[in-house]
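Heads up: the sequence lines are chains A and B, in that order.
Numbering-wise, the first sequence is residues 1 to 375 according to this note's numbering.
Numbering-wise, the second sequence is residues 1 to 225 according to this note's numbering.
Just so you know, these hints were derived from the structure itself, not from any lab.
Incorrect hints may have been included.
[Claimed, not checked] The calculated lysine to aspartate or glutamate pairs, modelled on DMTMM-like cross-linking and capped at a C-alpha distance of 20 Å, are: (1) K167(A) with E138(A); (2) K54(B) with E287(A); (3) K35(B) with D193(B); (4) K368(A) with E269(A); (5) K167(A) with E139(A); (6) K79(A) with E104(A); (7) K368(A) with E70(B); (8) K126(A) with E164(A); (9) K130(B) with E19(A).
[Unchecked claim] Across the chosen pairs, the derived CB separations fall in these ranges: (10) G67(B) with F22(A): 38 to 48 Å; (11) D107(B) with F22(A): 20 to 30 Å; (12) G28(B) with F22(A): 49 to 59 Å; (13) A68(B) with E240(A): 51 to 61 Å; (14) L268(A) with S136(B): 25 to 35 Å; (15) L356(A) with A68(B): 29 to 39 Å; (16) E240(A) with Y12(B): 53 to 63 Å; (17) E272(A) with E22(B): 36 to 46 Å; (18) E272(A) with D167(B): 29 to 39 Å; (19) P21(A) with S24(B): 28 to 38 Å; (20) F22(A) with P14(B): 36 to 46 Å; (21) T3(A) with Y12(B): 31 to 41 Å.
Quick caveat: nothing in here was measured; it's all calculated off a predicted structure.
From the three backbone atoms N, C-alpha and C, an ideal C-beta is built for every residue, glycine too.
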Amino acid sequence: MSTPVLLYLVRDMVCRWRENPFSLLAKAVVAGLLSGMAAVILISFHLSAAEIRRNLESAGASSVLVHEFVPMERLAARKWVEEAVQPLRLSVVHYMEKLPAVAESDVRGGIPVFLVDAEASWFWMKTETDTAMLFLTEELPAGIRMPVNVDGSPAVAVTCPRPEWIKRMVSGPLIVAPRERFLRQGLFGLESYTYFEVPGGADRVRSVVAAINLLATESGYKGVTVRDPLNLISRLDVLEANQEAWRTAIVAGFGGTLALVLGVIAFLEFRERRFVCALLRSFGLHEGVILLRYAIDALLVGNVMLFLTTFGVLAAAGRILPSLGVSEAAMAAMDGTGFFHQDGLALMTFVNLGALLSVVPTALGLRKSIGRVLA
Amino acid sequence: MDIQIQSLTFAYSPKGPPVLAEFSAQFGPGITLLKGYSGCGKSTLLRLIAGFLKPTKGRVIVPPEGGAPERRFQRTQLGFVFQGINLLPDASVHRNLEIAATLAGLDRAMFLAAERQWCGRLGLEPFLEKRPDALSGGQQQRAAIARALIHRPAVLCLDEPTSGLDDLNTGVIRETLVEAVGATRHCVIATHDDRLTSIATRVINFEQFMPIEPRLKSLRTDAHF
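The whole structure should be built from the sequences, with the hints applied where relevant.
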């Protein structure tokens, strides 16, 4: 296409904007409102998903914790969970028992005490002697020898940060000691905790958890509680499925609405300009070039409004949402590429699809022969 | 090569009466004047010759290549002056001429030479940088003719080019057309204006092909007219 024709079409577009600013304003407002609504919906989904992912990350996407009250008559079979998962050759399996007593130190009281046996290699790697205890906490620097009182007996525990898997099991500081130091059991039994990680995705976790539950039921074990990430995973799945549905709905619904509104405005503008368009066509200009001018008009307005609105909504979200309790980690997921990579595409698709579809009425108008327009 | 119209039938709506029915004619080089009352189909025939309307039946063959009037013909070989709008409103006269010339494939030197020639002939030089809304009716019409002539088309179609113009403007247009068409180009003019009869190579009374409306006929036979 030649420069004078291009220049004329650009000039024509700018002149229309100047002559009829309300038409431009109407297009901008509709594109901005729809983009803003779509951005708010997608941002809320994005934040919810980020929050669940964060929870899942801290809870461990593949971690399973089996908590059981083991009665006295079954003490010999208290490690049945560990034995049950043995064929899976899992790399992370930990077994601990909770002492029916708490410990106290100068800095903190009511500290739960867990006991480990000779197979707990992680524990023995951190202790100095086979009688030492570990005070697992992030509140104190590592390596401090801390006097503690466990169930009335004075002892010394060495401070050490909690391993990640213990953080998923116990929320605060704890003391871990070898079982030999506290041979006294509860009157009715003991509380056992078996922690293991099942790699290979949610389906594998689901099947292992189902097997543990089935085994407990079949064996008649009461008081077995399995804590797994399946609930979070399924919530995330549902959310992601919803998000996908919304993305499709936004592309189809919002895109359709934008196409309809911009299309009507463009057609009204075209009706005003049909004589000029027909005159240009009478010079031999292809209809496609005229259509391109209307498409560029709609694409320009749509995309400018999309970017202004989306950045506006993101900026507003960055200011408002933290004060409403949205976590920093979830907000961090909103930064820059995270949101645009996933949802920006949907937003851009709906705006550009809508803008392109909006030229359909004009295209139909351009089918009318020149001789019927220009008498 | 003449403009050939072969068994042409055209109706504006499929159920309506045809404006032209089985019309055939051949227009040689020079200026052909189509005369007749309003609504007899002169303008429709011009638009059919230009390819701006599609015939219901029959065909039009146009010089210089002897094909149907397609887009390429419209761009390079046709100059058309409509009754109404002829100039792009957001462009100066110069820009209007430049757009038409560019679409016709003229290079800049050829365009500038043609612009000098026709604008000089039509007295448009002082108005080249003006937009159409700043021109008088006569100036607009002369600019429209300059726009139609800028690429030296093989076929020139003019629909009422001097309607409403004074004798001076009409005189300038008349002289320009004679010079532009010469002996080899084809020019078809639909007009009521008797002032153009003197430059015509041939005059075709279009009423003979299209029966006059009864009411107009009764008015024409009335002594007052």
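So, going through the hints one by one against the coordinates:
Note on K167(A) and E138(A): the hinted pairing holds, with a Cα-Cα distance of about 10 Å set against a maximum of 20 Å. With a C-alpha separation of about 16 Å, the suggested pair K54(B) and E287(A) falls inside the 20 Å cut-off, and the hint holds. Pair hint K35(B) plus D193(B) holds up; C-alpha atoms about 8 Å apart against a cutoff of 20 Å. For the given pair, K368(A) sits about 16 Å from E269(A) by alpha-carbon distance, which is consistent with the 20 Å threshold.
In summary, the hint linking K167(A) to E139(A) is supported, as the alpha carbons are separated by about 13 Å, within the 20 Å threshold. This hinted pair does not check out: K79(A) and E104(A) have alpha carbons roughly 29 Å apart, beyond 20 Å. Annotation: proposed proximity of K368(A) to E70(B) holds, straight-line Cα distance about 15 Å (limit 20 Å). Note on K126(A) and E164(A): the hinted pairing holds, with a Cα-Cα distance of about 15 Å set against a maximum of 20 Å.
About 19 Å separates the Cα atoms of K130(B) and E19(A), which keeps this hinted pair within 20 Å; it holds. For G67(B) and F22(A), the hinted distance range of 38 to 48 Å is satisfied, since their beta carbons lie about 47 Å from each other. Evaluation of the 20 to 30 Å hint for D107(B) and F22(A) yields a failure: the beta carbon distance comes to about 42 Å. For G28(B) and F22(A), the hinted distance range of 49 to 59 Å is satisfied, since their beta carbons lie about 54 Å from each other.
In this structure the hint that A68(B) and E240(A) lie 51 to 61 Å apart at CB holds, the actual value being about 59 Å. Between L268(A) and S136(B) the beta carbon distance is about 31 Å. The supplied range of 25 to 35 Å therefore holds. For L356(A) and A68(B), the Cβ-Cβ distance of about 33 Å falls inside the hinted range of 29 to 39 Å, so the restraint holds. The supplied range of 53 to 63 Å is met by E240(A) and Y12(B), whose beta-carbon atoms lie about 58 Å from each other.
Between E272(A) and E22(B), the C-beta spacing of about 39 Å keeps the proposed range 36 to 46 Å intact. The given range of 29 to 39 Å is respected by E272(A) and D167(B), whose C-beta atoms sit roughly 36 Å from each other. At roughly 53 Å, the beta-carbon separation of P21(A) and S24(B) lies outside the given 28 to 38 Å, and the hint is violated. In this structure, F22(A) and P14(B) meet the distance hint of 36 to 46 Å, their C-beta atoms being roughly 39 Å apart.
Taking the beta carbon of each, T3(A) and Y12(B) are about 38 Å apart, inside 31 to 41 Å as hinted.
Hints 6, 11 and 19 from the list above are not met by this structure, while the remaining hints are.
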